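All chains should be built: construct the whole structure from the sequences, respecting the hints.
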Amino acid sequence: MQNRTLEIGVGLFLLAGILALILLALRVSGLSASPSSDTYKLYANFDNIAGLTVRAKVTMAGVTIGKVTAIDLDRDTFTGRVTLQLEKRVDNLPVDSTASILTAGLLGEKYIGISVGGEDAVLKDGATIHDTQSALVLEDLIGKFLLNTVGKEAK
Amino acid sequence: MRKKSMLERIRRFGRSAIDVLAVLGRSFLFLLHSLVGRSGTGGGFQLLVRQLYSVGVLSLAIIVVSGVFIGMVLALQGFSILTKYGSEQAVGQMVALTLLRELGPVVTALLFAGRAGSALTAEIGNMKSTEQLSSLEMIGVDPLKYIVAPRLWAGFISLPLLALIFSVVGIWGGSWVAVDWLGVYEGSFWANMQNSVSFTDDVLNGVIKSLVFAFVVTWIAVFQGYDCEPTSEGISRATTKTVVYASLAVLGLDFILTALMFGDF
Numbered sequence: 001m002q003n004r005t006l007e008i009g010v011g012l013f014l015l016a017g018i019l020a021l022i023l024l025a026l027r028v029s030g031l032s033a034s035p036s037s038d039t040y041k042l043y044a045n046f047d048n049i050a051g052l053t054v055r056a057k058v059t060m061a062g063v064t065i066g067k068v069t070a071i072d073l074d075r076d077t078f079t080g081r082v083t084l085q086l087e088k089r090v091d092n093l094p095v096d097s098t099a100s101i102l103t104a105g106l107l108g109e110k111y112i113g114i115s116v117g118g119e120d121a122v123l124k125d126g127a128t129i130h131d132t133q134s135a136l137v138l139e140d141l142i143g144k145f146l147l148n149t150v151g152k153e154a155k
Numbered sequence: 001m002r003k004k005s006m007l008e009r010i011r012r013f014g015r016s017a018i019d020v021l022a023v024l025g026r027s028f029l030f031l032l033h034s035l036v037g038r039s040g041t042g043g044g045f046q047l048l049v050r051q052l053y054s055v056g057v058l059s060l061a062i063i064v065v066s067g068v069f070i071g072m073v074l075a076l077q078g079f080s081i082l083t084k085y086g087s088e089q090a091v092g093q094m095v096a097l098t099l100l101r102e103l104g105p106v107v108t109a110l111l112f113a114g115r116a117g118s119a120l121t122a123e124i125g126n127m128k129s130t131e132q133l134s135s136l137e138m139i140g141v142d143p144l145k146y147i148v149a150p151r152l153w154a155g156f157i158s159l160p161l162l163a164l165i166f167s168v169v170g171i172w173g174g175s176w177v178a179v180d181w182l183g184v185y186e187g188s189f190w191a192n193m194q195n196s197v198s199f200t201d202d203v204l205n206g207v208i209k210s211l212v213f214a215f216v217v218t219w220i221a222v223f224q225g226y227d228c229e230p231t232s233e234g235i236s237r238a239t240t241k242t243v244v245y246a247s248l249a250v251l252g253l254d255f256i257l258t259a260l261m262f263g264d265f
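Chains Y and L supply the protein sequences, listed in that same order. Position 75 of the first sequence, counted from 1, bears residue number 75 in UniProt numbering, the numbering being contiguous throughout. Position 210 of the second sequence, counted from 1, bears residue number 210 in UniProt numbering, the numbering being contiguous throughout.
Honestly, I wouldn't trust all of these hints.
[As the list claims (entries may be wrong)] Here are the simulated DSBU-like pairs of lysine-lysine, each with C-alpha atoms no more than 30 angstroms apart in a straight line:
| # | chain 1 | residue 1 | chain 2 | residue 2 |
| --- | --- | --- | --- | --- |
| 1 | L | Lys84 | Y | Lys57 |
| 2 | L | Lys84 | Y | Lys110 |
| 3 | Y | Lys41 | Y | Lys57 |
| 4 | Y | Lys57 | Y | Lys124 |
| 5 | Y | Lys67 | Y | Lys88 |
| 6 | Y | Lys88 | Y | Lys57 |
Hints are computed from structural coordinates only; laboratory data are not their basis. None of these values were measured; they are calculated from a predicted model.
Given below as structure tokens:
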């Protein structure tokens with residue numbers, strides 16, 4: 001009888017440990033059951049990706065529809081080549097859609113926002129988004145602003 | 001005269017080095033003999049269950065209580081700092097990453113060394129001093145297989161599970177303080193956490209860390225008990241050594257593992 005309670009205790013302990021792992025996987029790290037099967041890839045070339053990181057989210061109208069899976073330099077055009085992984089249910093993006101790098105809040109993380117174009121043809125798996133808008137770089141903005149004020153004073 | 005004392009000093013230095021190497025060698029052989037090969041006696045599974053109970057289940061209370069409090073403290077501290085920068089939603093991701101990467105495996109291993117490791121050392125040391133181990137050998141039962149191996153396996157299995165439970169209750173404690181008490185919006189608390197925590201990089205690396213710690217802590221505890229001087233003073237020294245060595249090993253290994261996993265080099 002004493003052996004029985006002991007075994008029940010051990011069984012509950014092991015179950016609690018496994019349950020903890022499942023909780024961490026699903027609730028904390030947001031792991032979905034089939035991450036790669038119902039997604040497709042798109043590419044986008046940006047002049048300046050400034051601070052965009054892998055696993056940043058891709059949104060459309062504020063709704064998250066995918067994430068950034070890779071960032072590398074395109075050797076021929078000297079632009080940043082970003083690989084986007086989008087959900088299959090959003091497979092009707094027009095070919096002239098625009099991808100732009102946006103910032104959440106004033107100093108928040110960078111993410112990609114996609115705004116819809118008007119064409120009938122849609123982007124297929126592996127296609128490239130040509131219409132892109134690079135990240136705002138604060139230093140460039142300040143530089144332009146200074147140049148502008150100097151120009152005005154000279155007049 | 002001077003030369004002789006110099007030689008004597010060198011001799012002592014060499015002697016202590018040989019002693020350290022001898023202990024290391026003995027402990028490797030000890031580990032090898034306990035884990036490799038089949039046990040001669042049956043009922044290995046029953047022995048393992050009994051040890052899992054005394055090593056794992058009985059450590060559950062201290063792990064859960066300290067996990068809740070550490071999660072709550074992390075949330076409180078993180079909130080008071082992050083709120084200065086207006087980004088108190090990030091408190092969820094801070095609590096989760098701190099617990100999963102560092103505090104979960106490390107604090108659990110330290111508590112485990114104090115709660116279960118010292119008990120293992122004292123138990124085996126007492127068996128040695130009352131000559132139970134030699135009597136087992138006399139009746140043809142290998143004490144390494146019968147006494148030591150189940151305790152080693154119980155430690156390997158239970159410490160990673162305890163670390164996982166620690167992280168879960170810690171995150172729960174953190175969410176309780178941040179969401180219910182300090183008024184962080186629940187949606188952004190969990191969403192920020194899910195965006196920043198990755199299963200392979202954070203959760204699994206934490207599990208790997210705690211597996212390494214489990215191996216080291218249990219090994220030190222069981223070996224110190226088996227290798228102690230069979231007197232009451234020897235047992236008390238061995239228990240102290242277990243806690244000190246295990247804690248130092250955990251903290252040192254944690255730096256190395258963190259450098260390998262998150263150091264990017």
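Going straight from one Cα to the other, do Lys57 (chain Y) and Lys124 (chain Y) come out at no more than 30 angstroms? Roughly 20 angstroms separates the two Cα atoms, so the pair holds.
Pair hint Lys84 (chain L) and Lys110 (chain Y), alpha-carbon separation not exceeding 30 angstroms: Measuring from Cα to Cα gives roughly 21 angstroms; hence the hint holds.
Holds or violated: Lys88 (chain Y) with Lys57 (chain Y), Cα cutoff 30 angstroms? With Cα atoms ~15 angstroms apart, Lys88 (chain Y) and Lys57 (chain Y) stay inside 30 angstroms; holds.
For the pair supplied as a hint, Lys67 (chain Y) and Lys88 (chain Y), is the alpha-carbon distance within the 30 angstroms limit? holds, 13 angstroms
Given the hint that Lys41 (chain Y) pairs with Lys57 (chain Y), does the C-alpha gap stay at or below 30 angstroms? holds, 14 angstroms
With the threshold set at 30 angstroms, check whether the alpha-carbon distance from Lys84 (chain L) to Lys57 (chain Y) stays at or below it. With a Cα-Cα distance of about 26 angstroms, the restraint between Lys84 (chain L) and Lys57 (chain Y) holds, given a limit of 30 angstroms.
In summary, the structure agrees with every hint in the numbered list given earlier.
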